[in-house]
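**Student:** Sequence order for the protein chains is A and B. Per numbering that gives the first Met the number 0, the first sequence runs over residues 0 to 248. Per numbering that gives the first Met the number 0, the second sequence runs over residues 0 to 422.
It is worth saying that the hints were derived from the structure and are not from the lab. Mixed in with the good hints there might be a few duds.
Some chain B residues near chain A, calculated using beta-carbon distances under 10 Å [what the hints assert, rightly or not]:
| hint | residue |
| --- | --- |
| 1 | 2 |
| 2 | 17 |
| 3 | 166 |
| 4 | 167 |
| 5 | 169 |
| 6 | 170 |
| 7 | 171 |
| 8 | 250 |
| 9 | 253 |
| 10 | 255 |
| 11 | 257 |
| 12 | 259 |
| 13 | 268 |
| 14 | 367 |
| 15 | 369 |
For lysine to aspartate or glutamate, the following EDC-like pairs were computed, each having C-alpha atoms within a straight-line distance of at most 16 Å [what the hints assert, rightly or not]:
| hint | chain 1 | residue 1 | chain 2 | residue 2 |
| --- | --- | --- | --- | --- |
| 16 | B | 418 | A | 72 |
| 17 | B | 246 | A | 183 |
| 18 | B | 66 | B | 174 |
| 19 | A | 32 | A | 183 |
| 20 | B | 246 | A | 88 |
| 21 | A | 73 | A | 63 |
Far from chain A by the CB rule (all over 10 Å, computed), these chain B residues [to be verified]:
| hint | residue |
| --- | --- |
| 22 | 4 |
| 23 | 68 |
| 24 | 73 |
| 25 | 340 |
| 26 | 358 |
| 27 | 400 |
| 28 | 401 |
| 29 | 421 |
| 30 | 422 |
Just so you know, even glycine gets a beta-carbon here, dropped at the ideal spot from N, CA and C.
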Amino acid sequence: MAKGAAIEVRHLVKTYKGATTPAVNNISFAIEKGEIWGLLGPNGAGKTTTISILCGLLHQTSGEVLIHGFAHEKKRKEIKQLISMVPQDIALYPSLTATENLEYIGNMFGLKGKKLHDRISDCLSVFGLSEVASKRVETFSGGMKRRINLIAGILHEPSVVFLDEPTVGVDVQSRNMITGFLQDLNKKGTTIVYTSHLMEEAQNLCTHIAVIDYGTIIATGVPADLIQQHSCKNLEELFLKLTGRKLRD
Amino acid sequence: MLQLFATIRKEMLLLIRDRSGLAVMFLMPLALVTIMALIQDAPFRDYQELKIPLLLINKDDGDLGKKIEEGLITSKIFSVTRFTESEEQARKQVANGDFEIGIIIPEGASKKLDARVDQFVEKTMHDMGLEVQDSIVKDSVVTEATIPVFFAPDIKKSFKNSVISSIKHVSSRLETQTMLSAFKGALNEGETDTLTEELNEFIQFKELESDKTTSVHELNSVQHNVPAWTLFGMFFIVISLAGSMIKERTDGSYLRIRTMPGSYTVVMAGKVLSYLVICLSQCALMILAGIFLMPLLGLPQLVIGTNLIAIIAVALCSGLAATGYGVLVGTLFNTHQQSSTFGSVSVVILAALGGIWIPVYVMPEVIRGLAEFSPLYWGLNAFQTVFLSSGNLADIAIPSLKLILFFVFTFTIAYFVNKYKNN
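One chain only, chain A, in its complex shape:
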């Protein structure tokens, strides 16, 4: 295992049942602790499959995945305490209040009592949701739902957070707030694995990126370095240069 790696992936392959080609085809990479690592790629490139395997939601066909040195097959329980997934969908219970949702999630991670309530209170305050703590999530706006969805992912202070398009469908203010929070979280040592179709956001946020297409990583490195290497103006131009302009499903 690479020194200081939060995640190490070796020769990862995933072929779905009945599929003729692998969704993820022999990829290897390492994510250092404290990085904001962006996994970028067009639709169907293999981003979600890769993230799902890293989170332990899918089993790989072959290859090895280590999270802080632990393999899912052997140390599933330990890995679950270390990681968190913030899905693209608002994975919360609409008829429960913000506090009730967060209490449930906190309890599932072993948090309880004053510690849990202080943590919920702090998070809601940071995200500007203290006043709606006792309101049902179904009454929230899209941006508020996105923020509470993110709180649910970081409540137990995980070492590694997987974020699947965390700012999709939110206004500029909420997006600015979320990206600012993620940078603060990263400064405190949390490793962030992030997927997005918003190239400008990724360029500003990520310390390292990997571009994946047809299940294979076609470029990886520091965004600024990659842009310079390929003589592009920005990450979006680089992305189109690497993946082409052909429409994807």
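With chain A's structure known, arrange chain B on it following the hints.
**Tutor:** Same frame as chain A, but now just chain B:
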């Protein structure tokens, strides 16, 4: 344990907030219990107090006509209407279905019986070498008394046979008495009444319950419908439970749950226990309705026996079976439409087979055999053993065990299907 309690709390909050879901889970079975008990009250009474309408033309002025008439009336099986019009008119009324049976005792039937008996007695005594003092019939030919019986066209053969045997029972007693009197008379003996009384019932029949648990209370509309529709309501939570599982999968909550600590078994156990609380609450509400509401509607009060622990045990086992089935349906199907359609139709079929709509004993033999495979039948059997026969835990052990095994079976299948789907 914290994860289990957290899941139970979350599920209970979700259930309490779902007003329409609660209405379906509590008001629907309550309405069904009430409506079905009211509808089936009259048929249940009829079934128990059934008297077959019988039309009787008695033209005989002797003992035979009198005794048959008395026998039919005292049998408590028939509702006897004496008919004075023509035989043809009587046949027409039976053919129209106004009466199930028509019996005509012809004129002189008693005399014919007496003559026939006397002839038999004389012949018997002659064969035994005894001299008959006053020969009555001598060698004349005596025809037997024929009593025409006719039935409504839709009467089943088995029913005809049972009616004929009931009438034969009455007439054979009279034949015996007449024959004994004739023998006594021929032998110049005294009174025969005591002897005939003694001879009447050499063999006595005593009705016993087929089961070792003696039924204390009669099955009536309330005794049938309250446990029956309680079970139906309990199994109908399949729709709500499966729906909640599918919703969690489609809105991404289940994805989050899978990345959180806590095994599938713990998460599902929390769900099962929450819905089990609902099942027990449903059961308590229906029983209370049976005890307090039914009498207000003019129906019999629900009798729940004497063993409260046995009632709780049956409710627990039935609730477990229902939630296990809900978990399986929620795991097998991918959309709420699929699960609610399959869930409701399958529960209705299991209910029909299990004797929820009508008691299993009035069903055809083939369906009675299929009932053995319905968890609602096991639950209903167990409830009725406790309610009607004051059964204890030992008496309900077998149906309860079947219900628990059904839960284990469905939960295990759901576990493996879920595992397969996640890969």
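**Student:** Each hint: holds or not?
**Tutor:** Now for the hints, and whether the structure bears them out:
no.	hint	in the structure
1	2	5 Å, holds
2	17	7 Å, holds
3	166	69 Å, violated
4	167	71 Å, violated
5	169	71 Å, violated
6	170	75 Å, violated
7	171	75 Å, violated
8	250	6 Å, holds
9	253	8 Å, holds
10	255	4 Å, holds
11	257	6 Å, holds
12	259	4 Å, holds
13	268	14 Å, violated
14	367	44 Å, violated
15	369	36 Å, violated
16	B:418 / A:72	14 Å, holds
17	B:246 / A:183	34 Å, violated
18	B:66 / B:174	11 Å, holds
19	A:32 / A:183	15 Å, holds
20	B:246 / A:88	12 Å, holds
21	A:73 / A:63	12 Å, holds
22	4	7 Å, violated
23	68	73 Å, holds
24	73	67 Å, holds
25	340	24 Å, holds
26	358	41 Å, holds
27	400	34 Å, holds
28	401	35 Å, holds
29	421	7 Å, violated
30	422	5 Å, violated
Hint compliance for this structure: hints 3, 4, 5, 6, 7, 13, 14, 15, 17, 22, 29, 30 are broken, all remaining hints hold.
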